[in-house]
Amino acid sequence: MTDHHNAYDGLLGGDASQWAFGTDFEDPLAGVDTTLPEGADAAALAAYCLMLGDDALIYSHRLSEWASNAPDLEEDIALANVALDLLGQARLLLARAAAADPDAVPALPPGSPVPPEDALAFFRDEHAFRNVRLVEAENGDFAVTVVRLLVFSTYRLALVQRLATSRDPVLSAIAAKAVKELTYHRDYAGRWFLTLARGTEESRRRLVRGLDLVWPLHDELFVAHDVERLVAEQGVGVDPASVADEVDVLLEQVFSVSGLERPRLPRTGSVAGGTGRHGRHSEGMGRLLAEMQVVARAHPTGRW
Amino acid sequence: MTVSEADQLVDFEATIARHDRIEPRDWMPEKYRATLVRQVAQHAHSEIIGMQPEGNWITRAPSLRRKAILLAKVQDEAGHGLYLYSACETLGASRQDLTLKLIEGRQKYSSIFNYPTLSYADVGTIGWLVDGAAIANQVPLCRTSYGPYGRAMIRICKEESFHQRQGFELLSTMMRGTDAQRAMVQESVDRFWWPALMMFGPPDVDSPNTEQSMAWGIKRDTNDELRQKFVDMTVPQARALGVTLPDPDLVWDEERQAHDFAQPDWDEFATVVKGSGPCNAQRIAHRRRAHEDGAWVREAATAFAHGGLEARSARTSTSVDESGAPAAQRGLEARSARTSTSVVARGGLEAQTSTSVEASTP
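Residue numbers (my numbering), protein chains in the order written: chain A, 764 to 1067; chain B, 457 to 818.
It is worth saying that the hints were derived from the structure and are not from the lab. Remember, predicted model here, so these are calculated numbers, not experimental data. Glycine included, every Cβ here is placed at the ideal spot set by N, Cα and C. Among the clues, some could well be false.
From the structure, some residues in chain B lie toward chain A, with a derived Cβ separation under 10 Å [what the hints assert, rightly or not]: (1) G511; (2) L538; (3) L765.
Using C-beta positions, here's what the derived DEER-type ranges look like [as the list claims (entries may be wrong)]: (4) B:R632 / A:D796: 25 to 35 Å; (5) A:E1046 / B:A751: 27 to 37 Å; (6) A:A1004 / B:R607: 47 to 57 Å; (7) B:T700 / A:E801: 50 to 60 Å; (8) A:A1061 / B:D749: 25 to 35 Å.
Working from the sequences, and respecting the hints, build out all of it.
Structural data, given as structure tokens:
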């Protein structure tokens, strides 16, 4: 029989290969050629990566709040999977942003070992986060979570399917990986949407209420920011307006089989003409960041 | 005891004596079954409650890499809970019933999780000391006499070993950081050392269940033997980290070829076991809230698997639709004035097992 005691022997050895995640921080893009494609604007590409990266980072954060709180163990595990996938996408996208435009990374005290992805995640202020407001909203109950995940994963899957042909080989590779992950996320959300719609009166009532809560933030996903239009023109990014019809058809299929119609509710308004992509967020975003950043900011020269 | 039961007991004891596994369909003494359900359920509960103290730091993890490691670890614990509840189900228990016993305080979980996590270093300390102690307790269980439990433990021990390395690696990285980080690690080790020693249970002289459990091959080593082994393994690791274990009596005994060490405060242990630890009430309240908040979701999933709303309305329907559509479908359409005409209602189970959003649509 295998000697499971060898776990202990491994702790003190000098061989780094035994460690699951290495013995220190590793750049997620280590060994990858991050040269910009010809004609691509470095600052715009970085800003675009932050938009997609922040969507993933902030939504991952919200979904991770479900840990130990889900309706059953299977759902705890599934939601953690989704959160981990998105966190992985966020790390790659933030690292891509930092490599494209080092000026996008906040300055830290001299000698700080904090890597660029963490400087971006933990040392930017709220107005510098470029995620859509849909992903920062509080989770609500499981029905609200399912509706939000269905809308977000349908939108993001359509986006990364197109992004897989980006002229930037790094973005293209990140997108290809994300396609597989988001296909599962959309499937998971779609199955639960149907289950809740057709399970009990109570689950249907909660689902309808969830739709009413989530839907007003849906339109914002498809309104292109100048940066998104520019990177789309340069062939490195995707104009979100271009996926609106496809997302609409897909969501209609789910609504239809669930016997529901999309709510007819006014969209959530902008703030001084801007939305999440301009760094204008909802009230809960400040609290989310305060929690997420508190330990990192207390130790700006810390090593984790 | 009937003759055939006496024969079965002889077979059972022969299996134990050969160190073979008892499997779910084998005859077993009722007390063996009850002891196993108690032990495996407590182990499952410990995994599930153990998600809370570490989950406490997921949203504050100070780097994205640490956040991924911690979230994956808490997810693993949910997985361990699943395997163990499943092992329990092979003995005739149900997860629902065991969960109720947990939140009603009728079954226990490891007392270590009644201590709070107060700094990020605690994430590392729990991995290193708490998971380390758990492994020392659990490695012998890979050879336990009950098959499903032993096989679950093999997988769990592998993952726990992984967690222990991750915890040790976090502490070792922090010790290479700032003075404030090193102080954070030491403070955390000071708090968790004694509770970690308590994880092996009371001294052998005060452990009422040990003797029978060892005779049945459910348990393989005594509490004191395991505690000694843990201390002997941990001392060189502490030295390598550069932390001090908070026990002035901790010395190497050349004669015994083992460390001498002080006993933890067993009065405190008894107090925590009885429910007066710093987090007992909080941990159970959290578990109860999650369970109760999720009740409507579990009910919806069960109802959907049995045909859902459509089946319910079909049971009350007597007429046949002239379109020939299943009654279940009409039930839903009648219920929802907004239903699209393209709906093809599918059976709950069939839709539930479909593999993509598109597959559920006409």
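Here's how the hints hold up against the structure:
| no. | hint | result |
| --- | --- | --- |
| 1 | G511 | 5 Å, holds |
| 2 | L538 | 5 Å, holds |
| 3 | L765 | 5 Å, holds |
| 4 | B:R632 / A:D796: 25 to 35 Å | 31 Å, holds |
| 5 | A:E1046 / B:A751: 27 to 37 Å | 31 Å, holds |
| 6 | A:A1004 / B:R607: 47 to 57 Å | 54 Å, holds |
| 7 | B:T700 / A:E801: 50 to 60 Å | 59 Å, holds |
| 8 | A:A1061 / B:D749: 25 to 35 Å | 32 Å, holds |
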